[in-house]
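J.: Below, each chain spelled out in residue letters.
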Amino acid sequence: MSTDTPIPSAPELPTTSHITTTTATSNINTAEGDAWNAAFNENNVSATEVTTTTTASSDNNTPTSCITNDTNTNTNDTTTPNINEKFAATPSSTAYSFAGSALNSDNVKDKIGSTTGDSSAAGGGGGDKKEEEKVEESMFECNICLDTAKDAVVSMCGHLFCWPCLHQWLETRPNRKLCPVCKAAIGKDKVIPLYGRNSTKQEDPRNKVPPRPAGQRTEPEPQQGFQGFSFADGFHMSFGIGAFPFGYFTSSLNFGEPRPAAANRGTTQYEDEQQLSKLFLYLAFLCIAWLLFA
Amino acid sequence: MSKIVKLFKNNKKDKPPKAEIITEQKEPEPIPTTKCGKPLVLDNTRWEKRLQKELMSLIKEPPPGVSVDEDSVTRNLSQWKINITGFEGTLYEGENFQLLFKFNHKYPFDSPEVTFIGNNIPVHPHVYSNGHICLSILTEDWSPALSVQSVCLSIASMLSSCREKKRPPDNTLYVNTCNKNPKKTKWWYHDDSV
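So the sequence lines, in the order shown, correspond to chains A and B.
Just so you know, UniProt numbering puts 255 at position 255 of the first sequence, and the rest follows in order with no gaps.
Just so you know, UniProt numbering puts 131 at position 131 of the second sequence, and the rest follows in order with no gaps.
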């Protein structure tokens with residue numbers, strides 16, 4: 001059995017959360033946090049983490065407008081070209097986009113691409129950005145609903161889920177709580193909530209249980225009392241003995257449904273069927289005999 | 001045995017069906033509704049959305065030997081017909097089979113109902129002649145991270161690893177006594193070799 005769903009591999013996830021949390025703390029005073037700033041600052045942080053040069057990080061805490069950010073990228077270009085090289089060399093670390101802001105971040109990358117177009121390294125990486133975009137989007141898909149994870153939680157084994165999805169799965173099999181992807185042990189206390197920067201209310205998704213579906217009750221089958229005697233259309237009469245032996249067979253024999261066609265004469269299946277038929281016939285006789293003499 | 005069955009069927013025909021016969025196997029209950037009778041839209045769209053996504057990816061990038069019957073899907077999203085072809089170099093090389101996937105509103109938390117349909121049902125130690133498949137991921141080992149694609153792949157690999165074309169030993173008994181829905185069968189998974 002193989003699970004071929006594109007899943008983020010375990011070691012990558014901690015880095016993601018790390019980066020997002022650092023941006024979240026370093027950009028507290030950034031006004032309303034639009035996607036542009038978000039993506040830009042993320043890039044800065046990841047770049048500084050990679051190169052450990054702190055020229056760009058000083059701009060992080062100022063609430064900047066788009067235009068000034070543009071110039072910042074330009075200065076980055078001219079002063080520290082090695083950052084851009086690192087960008088192109090490690091594309092996976094440059095493009096962490098927020099869930100739901102894929103469109104915006106796309107624009108951002110086009111902008112960055114145009115401003116840094118003169119450097120050869122970035123220009124070369126621009127060609128397959130769309131594909132990267134796709135891969136990245138699927139990286140943050142919930143493994144259950146296949147949508148971008150909402151109220152995301154990550155298991156100890158590194159698999160990403162929406163909390164409502166995972167919760168429903170755990171409810172489905174309360175006595176066998178296994179990770180849907182790798183079948184490792186999983187539970188409410190064994191998953192970690194993920195907080196992105198733009199999530200306004202940083203409450204633990206595990207605390208809000210998805211709205212429970214309303215209780216379902218089906219009306220009982222209409223009981224029409226004793227139906228044994230009916231004189232309306234033709235006369236029939238039936239008598240029952242407490243434990244009617246064939247009531248037992250109805251559970252497995254399904255009289256209401258069409259039977260499979262009998263096998264062709266001469267095949268092994270035909271012989272089998274004949275044997276079975278005899279067996280059941282004897283069984284029936286045995287039951288009747290037992291009823292009569294017991 | 002068929003005699004007895006026919007005998008009983010004839011008896012039951014002229015009588016109104018009794019409750020004791022019907023209650024045993026019921027079709028999956030309809031989509032749950034709220035008190036005011038509206039369907040639970042939230043739940044409803046979620047499983048449909050996931051099926052749509054799976055369908056798109058299956059049409060766009062079908063795994064080798066697997067193709068979706070798009071007509072059947074457009075008619076009813078909860079019943080898919082999927083054609084699979086036996087791989088080269090296996091006992092089923094060049095043979096075409098058709099699988100029927102039935103999804104209920106609990107999908108993906110509940111496994112789909114998967115059977116072989118059509119004239120050509122593979123002769124395989126884990127496939128009964130009525131199309132039922134003995135495969136653990138279709139019942140107890142199901143996980144919501146599995147998909148139509150992975151189920152198709154599992155079935156294809158199950159066929160490919162077959163060494164001898166034969167029916168399961170209890171084929172006749174099972175085919176004559178089983179429920180139409182293979183998920184109602186209590187499967188016993190004991191043979192991991194094929």
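Since the hints were made in silico from the structure, they are not lab data.
Computed from a predicted structure; not experimentally measured.
A few of these clues could be false.
[Stated by the list, open to error] Here are the simulated distance ranges between beta carbons:
| # | chain 1 | residue 1 | chain 2 | residue 2 | range |
| --- | --- | --- | --- | --- | --- |
| 1 | A | F285 | B | D141 | 24 to 32 Å |
| 2 | A | L279 | B | S78 | 37 to 45 Å |
| 3 | B | T45 | A | I192 | 24 to 32 Å |
| 4 | B | K53 | A | L178 | 42 to 50 Å |
| 5 | B | E95 | A | K150 | 27 to 35 Å |
| 6 | A | K183 | B | S78 | 53 to 61 Å |
| 7 | A | Q274 | B | T85 | 35 to 43 Å |
| 8 | A | F285 | B | M56 | 21 to 29 Å |
| 9 | B | T74 | A | A294 | 23 to 31 Å |
| 10 | B | D191 | A | F285 | 29 to 37 Å |
| 11 | A | W290 | B | N76 | 45 to 53 Å |
| 12 | A | R176 | B | T177 | 41 to 49 Å |
All C-beta atoms in this analysis are idealised placements derived from N, C-alpha and C, irrespective of residue type, glycine included.
J.: Would you mind marking each hint as holding or not holding in the structure?
T.: Right, here's what the structure says about each hint:
| no. | hint | in the structure |
| --- | --- | --- |
| 1 | A:F285 to B:D141: 24 to 32 Å | violated, 42 Å |
| 2 | A:L279 to B:S78: 37 to 45 Å | holds, 39 Å |
| 3 | B:T45 to A:I192: 24 to 32 Å | holds, 28 Å |
| 4 | B:K53 to A:L178: 42 to 50 Å | violated, 23 Å |
| 5 | B:E95 to A:K150: 27 to 35 Å | violated, 43 Å |
| 6 | A:K183 to B:S78: 53 to 61 Å | violated, 27 Å |
| 7 | A:Q274 to B:T85: 35 to 43 Å | holds, 36 Å |
| 8 | A:F285 to B:M56: 21 to 29 Å | violated, 59 Å |
| 9 | B:T74 to A:A294: 23 to 31 Å | violated, 60 Å |
| 10 | B:D191 to A:F285: 29 to 37 Å | holds, 36 Å |
| 11 | A:W290 to B:N76: 45 to 53 Å | holds, 48 Å |
| 12 | A:R176 to B:T177: 41 to 49 Å | violated, 29 Å |
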